[in-house]
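Top to bottom, those sequences are chains A and B. In terms of numbering that gives the first Met the number 0, the first sequence opens at residue 0 and continues consecutively. In terms of numbering that gives the first Met the number 0, the second sequence opens at residue 0 and continues consecutively.
The set of hints was computed from the structure by calculation and includes no laboratory data. All C-beta atoms, glycine included, are put in the ideal place defined by N, C-alpha and C. Misleading hints may appear alongside valid ones.
What the hints assert, rightly or not - Here are the computed distance ranges between Cβ atoms for each label pair:
| # | chain 1 | residue 1 | chain 2 | residue 2 | range |
| --- | --- | --- | --- | --- | --- |
| 1 | A | Pro317 | B | Val148 | 42 to 52 Å |
| 2 | A | Pro317 | B | Asp29 | 30 to 40 Å |
| 3 | A | Asp165 | B | Tyr223 | 20 to 30 Å |
| 4 | B | Ile18 | A | Ile176 | 40 to 50 Å |
| 5 | A | Lys177 | B | Asp29 | 38 to 48 Å |
| 6 | A | Pro251 | B | Leu246 | 27 to 37 Å |
| 7 | A | Asp165 | B | Lys198 | 51 to 61 Å |
What the hints assert, rightly or not - Listed below are several chain A residues computed to face chain B (Cβ distance under 7 Å; list not exhaustive):
| # | residue |
| --- | --- |
| 8 | Ile117 |
| 9 | Ala148 |
| 10 | Leu183 |
| 11 | Lys266 |
| 12 | Asp295 |
As the list claims (entries may be wrong) - To list a few chain A residues with every Cβ distance to chain B over 12 Å, as calculated:
| # | residue |
| --- | --- |
| 13 | Lys44 |
| 14 | Gln86 |
| 15 | Asp103 |
| 16 | Gly307 |
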Amino acid sequence: MAEAILVVAEQKQGQLNRQSWETLVAGQQLAETRQAPLAAVLLGKGIAALAEELAAKKTDEVWLVEHDLLEAYTPDGYAAALRQLIQQLQPVLVLLPHTYQVRDFAPKLAASFQRSLISDCIGLGGDSKQTVFVRQMFQGKVNVDVVPAGDPPHFASFQAGAFRADALKEGERKAAIKQAEVELAADQIRSKPEAPFREAKQAVDLSQAEIIVAVGRGIKSPENLDLANRLAALLGAEVGASRPICDEGWLPMERQIGSSGQTVAPKLYLALGISGAIQHVVGMKGARTVVAVNKDANAPIFEVADYGIVGDLFEVVPALIEALEKGS
Amino acid sequence: MKIAVCMKQVPAKDAPLRINEAATWVREGDLSFETNEPDAFALEEALRLKEKHGGEVVVVSLGPERVRQVIKEGLAKGAERAIHIRDEEFYTLDPLQMAAALAGAVREEKFDLLLTGLQSDDHGFGQTGVVLAELLGLPHATIIMEIEVQNGRVRVKRELEAGWFQWIELPLPAVLTIQSGINKPRYASLKGIMAAKKKEIRDVKRADVLPPDQVATQATKRIYVPEKAKQTEFLQGTPKEAVAKLLEKLKHEARIL
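Only chain A is shown next, with the shape it has when bound in the complex:
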């Protein structure tokens, strides 16, 4: 598999996540552009059925890395196992979904090859010879075209939503599934993970909301949340927030929208005083119609807004409430 592109898929509790499929789409596109073979790899224990799912998609081979020490995720275990497989396959590119798990082990894996991770990419460019990776800087205000430098392998991760999982191509025939032999010893794994848990019982399910009124730093103080609540009541909406608001404890964590909170796709998303950092936008860019109110005309939230009002939310929202009250 010289010159191959290797996609690292991610599974949790017997399921492949959506971002794995999105990354496989990126892999399929690159394999086509570069006329390169495509392989996928999956790590864990007792995951053969998931390898079958991957093998049904358009790819040349699927590698299954199963080991007792990979049952629970650890950065040491995952990096060591993938390192051995990469040394064996010698791919030119290793593509990963930019999940919290990948953020935890992929930089370590890349560094063990004296490489850095081209992280959180939102798109691809270039030609058959050289691939250009598009990523964001300055919280999404600026894009940057990045090219790998030096010898392969190179490593890149993709932001949620960078590619559409529904663009995934099915295989004409099932790809070969191969078992990778890796050597792992218990004393290589330095961290001891406990079982994952959830803190809040998810009392509100924002993912089901038709309309969301979301507030950000611009709301300034918890007393001002009343404005958002009144607007939400008039619209039959749920109230959500960007991370800083929940960090401050002004709203409970389950109302947080973004990479560390909920991913939502309502019909209408009203972003009030939200600047639109990448971490927030990832969680709401699936909304059908986005309205943004922000004092800063250059705020990145306007990049994803259908309608924008540049102004003080403490003037705009009361006007909106008044208009809605009159209308009803």
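Chain B: place on chain A using the hints.
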């Protein structure tokens, strides 16, 4: 406990960015700067651990002269001393080089714990801490929301996606990357600001800590303002007028209300 905190200085959140002529970075002359947000939380966590378990906190920063402001803030809040890796062209470094420079500056110090923010608001690589751990041969954990130290080990609460968490135990020394919101960062006191003036800041040059054979493994071709994914229609006028237009649009164009 001997704790290092890696702190970066980044453009202020509301600073309007203009791209430089070479399209490699932003025009710094136009900007105001602030401490990278998660790094401020990492500093606070380090100070609290020191206050509980004893020891010292050392601020480590990579960047040009302006980074002094972040260092002084760290010293004023209670860090004992600082290391400043002076580099006017820090922005040309790739994540591996940045971590290698930090590793070079801290390797001999034998820290028990090294903290970084989980990512920076400028480059947003989100990997400096993890790479630093790999280069120093230390275990790590990322996106940390709580730290307990006991008997030469740390137990940390790691944030997972969609409201999930997990506790992880690691031997010391270790590297942790800190999530925003883990604590409430303190303000510097007047006494702290005065005391900071006498504290040691060790200056090192990039060449002192970054081996010359550590070349970049990714290169910036150009940076640019992205084309809008959506065509935003800006609604003008007084708040009342803009709101009236908005409701009109939502009713008749988007057909939502």
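Here is what the structure says about each hint:
no.	hint	verdict
1	Pro317/A - Val148/B: 42 to 52 Å	holds, 49 Å
2	Pro317/A - Asp29/B: 30 to 40 Å	holds, 34 Å
3	Asp165/A - Tyr223/B: 20 to 30 Å	holds, 29 Å
4	Ile18/B - Ile176/A: 40 to 50 Å	holds, 47 Å
5	Lys177/A - Asp29/B: 38 to 48 Å	violated, 54 Å
6	Pro251/A - Leu246/B: 27 to 37 Å	holds, 30 Å
7	Asp165/A - Lys198/B: 51 to 61 Å	holds, 57 Å
8	Ile117	holds, 5 Å
9	Ala148	holds, 5 Å
10	Leu183	violated, 15 Å
11	Lys266	holds, 5 Å
12	Asp295	holds, 6 Å
13	Lys44	holds, 18 Å
14	Gln86	holds, 16 Å
15	Asp103	violated, 5 Å
16	Gly307	violated, 5 Å
In the structure shown, a violation is registered for the earlier hints numbered 5, 10, 15, 16, in ascending order.
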